[in-house]
Every structure is written in structure tokens, then in C-alpha cells.
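In case you want the letters, here they are:
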Amino acid sequence: MSTTALEPIVHHGTVVEHDGHHGGLIPIAPERQLQFNRLGMWLFIISETFLFAGILIMRIVLGRNEDGFTRPELSQSLGLLITSILLVSSFFVNRAEVAIKHNDRFQFNLSTFLAILLGLIFVGGVVYEWDEALNHFKPDGHIEGGLFFFMTGVHALHVITGVLFLLIVFFNGIRGHYSSKSHWGVESAALYWHFVDVVWVFFYVALYLIGTVPETVAH
Amino acid sequence: MLIPRPLRILYHIGLVRGLVVGIIAMIAGMILTNIVRAAFGMDTMDLLLPLEALFGSTVWQARTNPDTATEVVTGMGAIFFTLGFLAGVGSLNDWFAWSIGRKGGDGHFHPKEGIPTWTRYFSFDTNHKVVGIQYGLTSILVLMVGGLFALIFRTELAQPGLQFLNNQQYNNYIGIHGLLMIAAVLLGVGALSNYLVPIMIGAQDMAFPRLNGFSYWIGVPAAILLLMALPMGGFDTGWTAYPPLSVRAPLGMQFVLLSIFILGFQSIVGSINLLVTIFMMRAPGMTWFRMPIFVWGVLAASLLQFTATQFFGLAFISVLIERWVNIPFYDPARGGNVTLYQHIFWFYSHPTVYIWVLPGLGVISEILPVFSRKPLFGYKPIALSSMAIAFMGYLVWAHHMFTSAMDPFLRLPFMLTTLTIAVPTGIKFFNWIGTLWGGKIHISTPMLFSLGAFILFLLGGLTGPPNGLVVTGIHLHDTHWVVAHFHITVFGGFLFSFLSAIYFWFPKMTGKMFNEFLGRVHFWFMFGGFATFALSLFRIGVLGMPRRYADYQSEWGFGSLNMLATIGAFFAGGSMLIFIFNMAFSARYGVKAAPNPWRSRSLEWQIASPVPEFNFSAIPEIVGHPYDYGLPGAVYAILSPEDQVAPLEDAYTPLDQPEAIGSGVAAVPVAGD
Amino acid sequence: MKRPQLMGTLLILVSFIGILFFLTGGRFSFARQLSGDDASVLNLTGDKTVQFILVTVGVLGAMGGMAAAIAFVVWRLNRDITQAQTSAPEPTNPLDYRIYGHRAALVLIGGITIVMLLFCQAISMIPGFGGQDILPVAAGEEAQAIDRLFLVEYIVMSVIFGLVVGLFLHSLLYFRAAKDDRSDGMFIHGHNTLEIGWTILPAIIVTVLGIYALIEFIGIFKEEDNEYVIKVTGQQWAWSFEYPDDPDTEEADGFVSTELVLLQNQPIKLEMNSLDVIHSFWVPELRIKQDVTPGVETTYRVTPTVAGEYSVRCTEICGLNHSLMLADVLVMDQSSYNKWVEQKIADLQDPVAVGQTLAAPCLTCHSLDGSRVVGPTWKELYGSEVPIEGEGSVLADENYILDSIVNPNGQIHQGYPAGVMPQNYGSTFSEVQLGQLLAFIKSQSEIGRQELEAESSADEEAPEADLQVGAVVN
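First to last, the protein sequences are chains A, B and C.
Counted the way our numbering counts, the first sequence spans residues 1 to 219.
Counted the way our numbering counts, the second sequence spans residues 1 to 673.
Counted the way our numbering counts, the third sequence spans residues 1 to 474.
None of these hints come from the bench; they were simulated from the model.
Be a bit skeptical, because a hint or two may be false.
To be verified - These stretches of chain B come out as covered by chain A in the derived footprint (C-beta under 8 Å, 3 or more residues):
#	stretch
1	60-71
2	304-312
3	550-563
Stated by the list, open to error - Computed, partial: chain A to chain B, Cβ under 7 Å:
#	residue
4	Phe36
5	Ile45
6	Ser47
7	Leu56
8	His142
9	Gly146
10	Arg175
11	His177
Predicted model, so just to flag it, every value in this text is computed and none were measured.
Backbone N, C-alpha and C fix where the C-beta goes; we use that ideal spot for every residue, glycine too.
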């Protein structure tokens with residue numbers, strides 16, 4: 001067993017300029033980092049999907065009686081209004097992302113600002129909706145009412161974090177941090193916002209559109 | 001410069017800063033919650049009461065019978081504590097900086113003047129090896145605390161009649177034991193994955209080093225909250241926390257619910273990090289089927305972790321919300337459904353047991369080839385069986401609910417899916433036998449632990465079908481048979497493999513060799529003690545001893561076997577002390593280890609021990625398969641000369657060895673297979 | 001015959017495992033013979049010592065004889081084969097036993113023997129540790145069917161364990177390398193046929209087991225024709241059983257019992273409800289287990305066949321006294337059962353007796369002997385002066401007692417914790433039942449007993465007594 005019996009062909013792999021001393025960190029190219037970030041963000045979205053799927057399952061199982069699905073007594077026009085607001089805000093977020101891809105800073109700032117505004121109006125709408133709802137049913141009454149508060153509450157928490165995310169993007173955007181080549185912050189905030197919007201579409205259908213208001217619901 | 005050195009060092013220890021900021025945030029949060037509650041006209045919590053109770057001048061009644069104000073205010077205190085802790089430890093620094101448009105750090109460690117390097121392990125650090133060791137040490141600490149509780153109630157159970165525990169204490173201890181152990185297992189899985197995966201795939205660190213550091217540190221407040229559950233009133237539900245009992249449980253229940261919810265973040269964030277690393281950072285030439293088999297186990301476990309954990313959080317949060325706001329998810333009188341909780345809970349809690357064992361089984365697959373000097377028999381089937389187990393693991397959850405109020409018909413499909421999971425698991429065992437057969441087997445402490453894991457997991461797997469076949473399962477459910485079954489599968493699939501891994505990679509982590517004699521003593525005491533414990537429990541379970549019983553009637557005749565089980569448990573627990581002594585002593589005073597003492601072909605064994613800060617100075621190139629032991633001249637990876645510290649002939653079969661029997665392959669090294 | 005030793009080894013292995021199982025598990029249960037009970041096959045002499053010696057000598061002799069026979073066969077085979085070859089060629093296939101034959105076979109058998117003995121003895125019975133069988137007595141029809149499946153599982157588990165561990169130990173012992181041997185093992189990285197084989201074979205085994213279990217499942221859970229329905233109520237921390245009115249009589253003679261008494265060979269259907277949290281109903285001898293849930297009624301069907309005294313135990317953690325939530329289950333023959341039913345119906349006239357039954361769950365917290373458990377003792381409670389938190393003291397009269405049941409936190413007995421007693425007893429018990437509970441509590445004190453005496457003698461004079469005794473738990 002001699003050392004000469006084995007002489008592998010040695011060549012330096014992917015060595016990039018490193019800072020000279022032995023064993024330095026090889027920096028990761030921005031395109032590669034972007035790939036990492038994208039995959040990570042999508043995995044996070046998939047994970048959150050499981051959460052909201054679980055909540056939807058709870059609603060499907062709990063909100064029923066012998067006749068079928070039940071739903072709480074809600075204002076349909078208000079529900080439709082806040083849904084539209086959220087959908088429009090998603091449109092503006094998309095517009096902002098497209099704008100920054102083309103380096104159109106003004107459009108980017110404006111669209112982000114409008115998206116944040118609409119998002120805040122949505123949250124305000126939910127708060128108003130809760131106020132209204134409390135006149136008809138309580139969270140500790142029958143389960144349809146409780147589910148309404150729970151689902152809209154969890155969703156609203158995610159909307160608020162989304163708004164915070166967009167605010168960070170907005171303020172950094174004003175200071176000129178993004179460019180058409182590098183705007184991962186915008187892309188990820190946009191993805192999160194769209195996700196929150198899609199979840200709302202499902203929740204809206206589940207809470208407002210399916211089922212009948214039961215007659216004798218304990219208040 | 002005027003600050004004395006000890007204080008400066010304390011300031012640089014992240015854990016200390018985290019605790020200080022956390023406690024301040026907690027108090028602020030509790031006061032804030034009180035103010036908000038008062039503004040909305042709700043009742044508030046008397047914040048001085050717990051302080052008075054602490055100094056013994058009053059009994060804090062609300063611990064066992066919490067009113068909503070106490071519950072919500074202490075709960076918000078716990079949440080604020082967590083956020084403050086995370087900020088104080090420094091895990092959010094760079095992200096805060098980015099959010100206000102600043103540059104932040106470069107995400108890597110820079111030693112500070114006058115601060116000793118051991119403080120790294122108690123602070124926020126982005127190096128995956130430091131994070132891995134942090135996870136590992138925390139895991140062992142939590143394991144020992146959980147084990148201590150177990151020994152306490154095992155002593156109580158050794159004889160019929162209540163000796164020194166009352167029912168309430170017993171219920172508290174079994175519950176906290178279960179949760180602490182689950183936390184220890186998840187931390188241990190994190191330890192192995194974090195430390196090993198980047199090096200094994202030829203990367204310098206994980207894909208998101210800052211997120212990695214954060215994922216460790218969010219687990220620490222979770223562990224602290226879990227330990228607070230007992231002083232804050234305890235809980236009488238066991239770890240499964242079924243409502244309606246958990247909705248009415250004392251205040252300690254809330255800390256459990258919050259703690260596990262926070263721990264879930266650790267699981268999800270950590271597994272996303274691992275998935276991106278495995279998908280995107282493998283060295284050139286490392287195709288999927290040239291990855292070390294351990295990485296396959298981690299891959300399968302991570303796929304389960306980042307999806308199923310959300311259901312764990314959902315189950316616990318729904319109970320918490322019912323406690324806080326009284327939304328009747330689980331109150332049948334107002335439209336709730338008690339069985340729904342069980343479905344949500346077990347939809348996570350079954351896949352989680354595969355999260356616990358898949359990496360451990362991957363460790364066994366790693367270690368057997370090294371100590372048999374033979375390729376891993378059936379590498380592809382083993383890799384794919386891990387993925388199959390992960391997938392099927394999603395389809396079996398209601399086998400924990402055979403006796404529940406769910407439609408009895410549903411028992412059948414879940415019985416069938418449960419039985420089919422035995423097939424990929426069996427494949428692993430047969431392939432391991434194939435690895436051993438015809439090899440040149442060397443026995444050492446890591447090999448012993450892997451072999452012991454094999455036997456225990458085999459027994460565990462064989463005692464599964466009596467549970468899974470509904471007809472016999474309804475006799476065994478909620479008895480000590482089930483307790484023995486899950487202990488033996490977790491000891492085999494996780495604990496023995498974890499210990500095997502620690503012994504195996506100890507020389508690589510520390511550069512020192514552990515004491516082999518003490519290692520063997522540890523193994524035999526642990527194996528013998530645990531086997532005694534488990535086999536006794538199988539027996540009394542079948543005979544009719546239910547689980548979670550503080551006491552059993554003496555005429556049932558379980559006394560002698562319970563005594564035997566307790567003795568076995570003490571042997572196993574005591575042997576862990578030998579282990580800790582061995583590790584601590586050898587890390588400091590052990591003999592210096594060669595870079596590749598086990599003569600493994602894997603990447604991490606070619607580089608220096610302890611592993612350099614960034615693992616490799618140049619990314620290696622993979623030119624062959626990882627387990628080609630016995631094939632003369634076969635090369636796995638080509639590293640740069642600075643990195644290749646271990647002599648090549650330690651790992652690779654030299655050209656002039658007589659051709660391996662039955663191989664029929666020409667012995668020519670090929671670069672790029 | 002290409003591989004005589006291997007085949008022979010496998011054949012011997014399977015029969016060995018079967019014999020070991022037989023010795024320790026099945027009909028010829030080893031320890032049953034040793035303990036010399038009536039069911040023992042060898043109970044010839046009646047003298048336990050002689051019995052013990054006979055069985056031990058017999059079994060060890062049999063095993064020794066078998067081992068000797070195997071050794072002889074293997075030695076002969078090996079001698080024949082080594083004589084046939086003058087020089088042993090290099091083996092080209094690791095499964096070729098021409099050279100390794102006898103050592104491998106002996107190690108394999110020896111290893112499996114030791115392993116199987118340990119496993120069977122541990123899981124089965126160890127003389128001296130009670131001498132019980134693997135399973136409790138099978139006291140029902142379903143239990144017998146379930147036990148058959150247990151037997152099949154045990155055999156399958158033992159065989160697979162023996163095979164795998166046997167090969168495992170054989171490899172470890174036979175392929176052990178010398179300490180300084182730096183050479184590598186054989187370069188074998190897989191074998192497709194083997195992979196397919198050991199995927200399909202376990203799949204077949206689990207499918208067969210699944211089908212067998214399916215067939216048994218249908219038999220065990222199916223509805224019977226003449227089921228007798230008993231309502232079971234689980235609550236923290238006691239069971240109560242409600243027997244229905246007799247359909248043949250016109251009176252309301254259903255009653256509540258704290259023990260479950262079943263008629264032998266009568267199919268029973270239990271309809272189970274919980275008043276608070278999830279409990280679970282289990283009698284080990286009947287094997288079947290079913291959770292008792294609030295809000296959803298669950299069903300439990302059983303046909304008990306063996307008369308005897310068993311106990312039902314709660315098997316879903318339900319709080320403080322989970323391990324004390326037990327009740328007696330008595331399976332009786334027709335005449336004893338009839339006597340019991342008559343007695344219970346007679347007791348319906350006596351409110352104290354009914355109250356005692358209803359009060360079973362209370363006794364986990366309230367003692368009858370004056371000791372302090374969780375709540376105040378009922379001994380000498382009625383008619384006494386009770387100190388109340390913040391109010392001085394009050395007389396424990398009928399109103400006080402009734403109020404304490406339905407509104408426990410209204411007046412707190414000094415020194416006892418508030419908020420522990422469940423607050424829903426007002427909706428759990430009917431007016432009549434509260435009266436019966438009151439009567440029972442009264443009977444625990446001297447004053448109360450005198451009052452009851454006076455009441456009952458007054459009742460005897462007034463036949464139209466107002467005691468309604470419909471005992472229906474809602």
C-alpha cells in the first residue's frame with residue numbers, strides 16, 4: 001500500500017478571488033444568491049399554505065349542521081368591498097414590481113404607496129367589520145361566529161406583517177436602494193402580498209359565500 | 001475601557017443580553033397588555049401577585065385556576081419575552097439594519113479584542129458548525145432534564161401505591177417529560193443536520209447563515225417557556241394536550257402551548273434552510289445519487305418538517321385561542337368538535353416521528369459501510385426508501401385515533417396505509433444486513449451504538465403491526481405497550497444513532513479522540529438498561545396496565561416488572577453521565593486525533609480536525625461514488641492540496657490491493673464518472 | 001444440490017423458531033407447565049417440585065438433543081464435502097457455503113437460538129414473575145378472535161426477528177476483521193433481484209395480515225340481533241351505568257349502577273357519553289377499547305363469555321384522578337344476574353341507596369370517613385356549623401347542601417380551595433337525583449340519619465309518597 005499507487009488528478013475547483021489568507025470565504029455570486037432566496041421564499045409560502053389549509057379544514061368541519069354549511073350573519077357588501085380593495089392593492093404591488101424592473105422609480109414609489117394605503121384600508125375594513133359583527137354575534141357564541149373572528153384575525157395578522165414589509169420596501173425605495181438588476185426586497189414583498197391575497201380569496205368564499213345563516217344561533 | 005473585563009465579557013455573551021432584554025420586554029409587555037385591556041373595559045391582572053407568591057407571602061391561586069386576565073397578560077409577557085430575547089441576543093441585528101437601509105454585517109464571525117472565543121457558543125453566530133454544536137449541547141441538556149423527570153416518576157411507579165408523588169405532580173411530570181424529550185430530539189436532529197450537511201456536500205456554510213443562527217436562538221426562549229410550565233401551575237393533559245381537558249387545564253398549559261408554537265418556527269425555518277442548501281449548494285459532480293446517505297435522510301425529514309409543523313402550531317394555537325377568547329372550537333355545546341383537534345394534532349405528530357428517525361437511520365447507513373469496509377448495500381433503494389417513508393408518513397395519522405369518536409369505518413384505510421409503511425422500512429434493514437455481510441467488520445463505540453440502534457429499531461418496527469392492525473391495536477392503545485413501542489423506536493431511530501454520530505464525528509469536531517473504554521461501558525449499560533426497561537413495559541402493557549397512570553392496583557400484578565423497568569431506566573440514565581464525562585474530559589484533555597481515524601471516504605474526513613472556519617478553501621470536485629470501499633483506485637472527491645489533510649490511502653483502496661472478490665471491475669481511477 | 005448447507009440451515013432455523021415459540025408462547029406454555037396449574041398438560045403428579053424438575057429436564061433435554069442432532073448433521077455434511085475436494089477453490093460468491101459451511105451454520109443457529117430465547121422469554125413469561133400468560137384471560141367472543149390474531153402476529157414477529165438478528169449476529173461474528181487488518185471487504189454495492197424480493201415478500205406478508213385483520217374487524221364490530229343496551233356515562237372521575245326500563249313491565253324500573261354487571265353470553269351494546277372531557281372505556285379481558293367523548297355518543301359492542309370479576313379502567317388521561325377512574329365489571333350467569341337486577345330495582349325505593357350510586361364520582365374528592373381529600377368530608381357534615389370564607393358560619397341544612405352542589409363557588413368552606421369543584425352539576429342531575437344525593441349525604445351524619453328515619457316512618461303511613469324514582473341521567 002504505497003502512496004504512489006494513487007495519484008488523483010488535482011485541479012482547483014471554483015476558486016474566486018479570495019482575500020489571500022488560507023481558508024477564506026468564497027463569495028457567492030449575486031445570481032446564485034438570488035436563486036437561493038427565491039427557493040427559500042417559495043418554500044416559506046408552501047409552508048404557510050399548509051397553515052391556511054388547516055384553518056380552512058377547521059372551517060369546513062366545524063361550520064355545519066344537519067342541513068349543510070352554516071355561516072355567520074355578515075354584511076355582504078362590506079365583504080365584497082374589502083375583498084376588492086385587497087385585490088386592487090395586489091394589482092398595485094405587481095405594478096410596483098414591474099416598474100422597478102424597468103427602473104421607473106416614480107411609478108414604483110407611487111404604486112408601493114398605494115398598495116400600502118389600500119392594505120391599511122383593508123385592515124381598517126376588517127376592524128369595522130368586527131365592530132359590525134359584534135352587534136350580531138360574539139366570538140364565544142356559536143362556532144360560526146368564533147370561526148369568523150379567528151380566520152379574519154389570523155389573516156389580518158398576516159396582512160399587517162405584509163404592510164410592514166411593504167413599508168420597509170417603500171422607505172428603502174425612496175432612498176434609492178433598488179434597481180432593475182437588484183430588487184429582491186420588492187420581489188419577495190410582492191410574492192408575500194400576493195399570497196396573502198390568494199388566501200383571502202379562499203377565506204372570503206368560505207366565510208361569506210357558502211352556507212346559510214342558522215336560525216337559532218346562540219348569541 | 002473603564003468597564004471591568006468580566007462585565008465586558010458578559011455583555012458579549014448573547015445569552016446574557018438576550019435574557020436581560022427579554023425580561024425587560026416581558027415586563028413592558030405585561031404592563032402594556034394591562035393598559036390595553038383596561039382601555040377596552042376588560043379586567044386586568046394584578047402584576048404584583050406573582051412577585052408576592054415568589055417570596056412566599058401569598059398563594060397565587062390563578063396558577064391552578066387561571067382567569068382570563070392572568071392568562072392573557074402572562075401569555076403576552078411570554079411573547080414579548082421571546083421577541084426581546086431574540087433582539088437582545090443579536091439574531092435580528094442585520095435584518096433590522098437592512099430594514100432601515102443600512103448595510104449590516106457580512107454575516108461571518110470576527111473575533112473581538114479581549115473576548116474569549118468560547119463565548120461564540122453562547123452568542124449569535126452564523127457558522128453552521130457553531131450552530132450545530134449549540135443545538136447539540138442544548139439537546140443533551142434538555143435530554144438530561146427530561147430524563148431526570150422520567151427517573152422521578154419511574155421511581156414512583158416501581159411499586160404499587162403512591163409513595164412520594166401525588167396525582168397532580170405525576171401528571172405534570174409525565175407531560176413535561178414528553179415535551180422536553182420531543183424538544184431534545186428535534187434539537188438533536190438539528191444538531192446533526194446543521195453540523196454535517198454543508199461539509200458533506202462540499203459547501204462552506206448553509207444557504208442562509210444568518211437565518212441559521214436565528215433558528216437556533218428562537219428555540220432557546222421556547223425551551224425556557226417549557227421549563228416555566230411547571231412553576232407556573234403545571235398541566236394535567238400529557239404532551240398531547242387533548243381538549244376539552246387542555247382548555248380547562250391550569251396556567252402551565254399556556255406556557256406549553258406558546259413554547260411549542262415558538263419551537264415550530266425553529267423547525268420550519270431550519271428545514272427551509274437545509275432544503276435550499278441541499279438543493280442548491282452541492283459541490284460540482286455531486287449528483288443526487290452521489291450524495292452521502294445521511295443527507296438523503298435529512299432531505300426527507302426536512303420535507304416533512306417545513307410542511308407538517310404548521311399543523312402542530314395550528315392545533316396548539318386553537319386551544320390557546322379557546323382559552324383566551326373562548327371561541328368554542330372544541331366545545332360540543334356550541335358547535336365544536338373534540339375529534340377535530342385529534343385530526344389536526346396527529347396530522348403533524350405522526351410525520352414528526354419520521355422527522356425524528358429518518359436522519360438517525362441515515363446515520364446508521366453512514367456508519368455501517370465505514371466499519372465494514374464495504375459499500376452501502378443498495379444505496380439507491382435506501383435513499384428512495386427515506387423519501388417513500390416521508391411521503392407515506394402523511395397518510396397514516398389516524399392510526400393514533402383508532403379508539404376515538406371518529407367514524408369507525410375510517411379505521412380500515414388507515415390500517416392499510418400503516419401496514420404498507422413497513423415495506424420501505426424493511427428495505428433499510430435488509431440492505432444493512434447486506435452491508436455487513438462479507439465485510440471486514442471493526443467494532444468501535446460508534447459502530448456499537450449503530451448496531452444497537454439497528455436492534456432496537458428492529459424491535460420497535462416489529463411491535464408496530466400489533467398496534468396498526470386495528471383489531472389488536474384497540475387492546476394495546478394507551479397502554480404501556482405503546483409507551484414501550486415509541487420509546488424503543490425513538491431510542492433506536494434517534495438516540496442511539498445520535499450518540500453513535502457524536503462518537504463518530506467527535507474527533508472531527510474537536511480534534512481529539514474520546515476514551516474508547518468509557519464509550520463501550522456507556523453502550524453496554526445503556527443498551528442493557530434500556531432493553532430491560534422496554535421489554536418489561538411491553539409485557540405489562542399487554543397485560544392491562546394503562547399509560548399515564550400515577551398508580552396501579554397491586555392485585556393487577558405489575559409490581560415486579562415495573563421495578564425491573566425502573567432499574568433498567570436508572571442504568572440507562574446513569575450511563576449518560578459516563579457519556580457526558582467522557583465527552584467533556586476528552587474534548588479538553590483527550591489524545592490528539594488523526595484527521596481520518598475511521599478511514600472514511602466521506603468529504604468531511606479528508607479535511608483537518610477540528611474543521612476550519614469555512615470548511616474548504618476551494619470547493620471540491622466529486623468524481624465518484626461515496627461508498628466504493630473495496631474497489632481499488634476508486635476516488636470519491638478531489639480536494640485542493642491545502643484541504644486534503646488526511647492521507648489518501650487512509651480512505652481509498654489502493655491500486656495494488658488484490659481485486660475485490662466478485663467485483664469484476666477494472667481498477668482504473670476515473671475522473672468524472 | 002448447489003447449496004445444501006444453506007437450505008438445510010434455513011429449514012432447521014424455521015423449525016427451531018417454531019419449536020421455541022411453542023415452548024414459550026403457545027399451547028405448551030413453558031411456565032404454565034412449570035407452575036403446574038390445572039391447565040397444565042403435564043399435571044400428572046400434582047406435586048409442584050416434581051413438576052418443575054420434570055418440565056425443566058424435559059425441555060432442556062429436548063433442546064440439547066435437538067442441538068446435538070443438528071451438530072451431527074452438519075458435521076457429517078461438512079465431512080462429506082471436504083473429503084470430496086482436495087483443494088478448496090477461492091469462493092467467488094459470498095453465499096457459497098462450500099468452505100464456510102459448518103462454521104456459518106453453527107453460528108447462525110447458535111445466534112438465533114440465544115436471541116430467540118431471550119426475546120421469547122422476555123415478551124412471554126418468566127417463571128417467578130407471576131406466571132401469567134402473555135395476555136389476560138379472553139373473557140369475550142371478540143377477545144378470542146383478537147387473541148388468534150395476536151398469536152399470528154407473535155409468530156410473524158418472532159420469525160422475522162430471528163431471521164434478521166440471526167443474519168446480523170452471523171455477519172458480526174463471522175466477518176469480524178482482525179485488529180490491524182487494513183484491507184477492505186468485498187465490493188458489492190447491490191443486487192437487484194434481492195431488492196425486488198425483499199420488497200415484494202414483506203408487501204405480501206403485510207397484505208395477508210391486513211386481509212386477516214379486515215375479516216376479524218368486520219366480525220367484531222358488527223351489530224348483533226338481540227343486543228341489550230346499557231348507557232355508560234364517564235365523568236371526572238368515575239363511571240356510571242344506566243340500565244334501561246324492562247320492556248315487559250309498565251313501571252319505570254330503569255336504574256343506575258356504579259358497577260357494570262353483564263349477563264354471560266348476551267350481546268351487549270354500550271352507548272357511551274362523557275360529561276366533561278375525553279375518557280376511554282377498557283376492560284383488558286374483553287380487549288375492546290373505545291373513547292368516551294363529550295358531544296358525540298360512541299358505541300361499544302361486546303359479548304362476554306367467561307363469568308368473573310374484571311375491572312374497567314379509563315385509558316385517556318382525564319386529569320387529576322385518571323388512575324383512579326375504575327369500576328367493577330361483573331359477568332354473571334343467568335340466576336346471579338337476575339338476583340342482582342331484582343336487588344337494584346328494590347333499591348330504587350330507597351333514596352339513600354340511589355344517592356350512594358349517584359355520588360360515586362364525588363367520592364374522589366369528598367371522603368366519608370372524616371379524612372380530608374380535596375373537598376370537605378361528608379362525615380357529620382349535615383346539620384353541623386360550617387365556617388364560611390368571609391361570612392362567619394352557617395348551618396349545613398338541606399338548602400346549604402343543595403346549593404353547594406349546584407353552585408360550589410357561592411359559599412366557600414373556610415380552608416378549602418375555590419374553583420376546583422365542577423360547576424355543571426346543576427345541569428347534570430335532575431331535581432329528583434339531587435334529592436337522592438341529599439339523602440345520601442344526610443345518611444352520613446347522626447342528625448341526618450334521625451331525620452331520614454323520621455321521614456321514612458312518615459312515608460310508610462302515607463302510601464302516595466312523592467318519591468319519584470326515574471333515574472335518568474341526561
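Hint check results:
no., hint, in the structure
1, 60-71, "violated (count 0)"
2, 304-312, "holds (count 6)"
3, 550-563, "violated (count 0)"
4, Phe36, "5 Å, holds"
5, Ile45, "10 Å, violated"
6, Ser47, "5 Å, holds"
7, Leu56, "11 Å, violated"
8, His142, "5 Å, holds"
9, Gly146, "3 Å, holds"
10, Arg175, "5 Å, holds"
11, His177, "6 Å, holds"
Hint compliance for this structure: hints 1, 3, 5, 7 are not met, and every other hint is.
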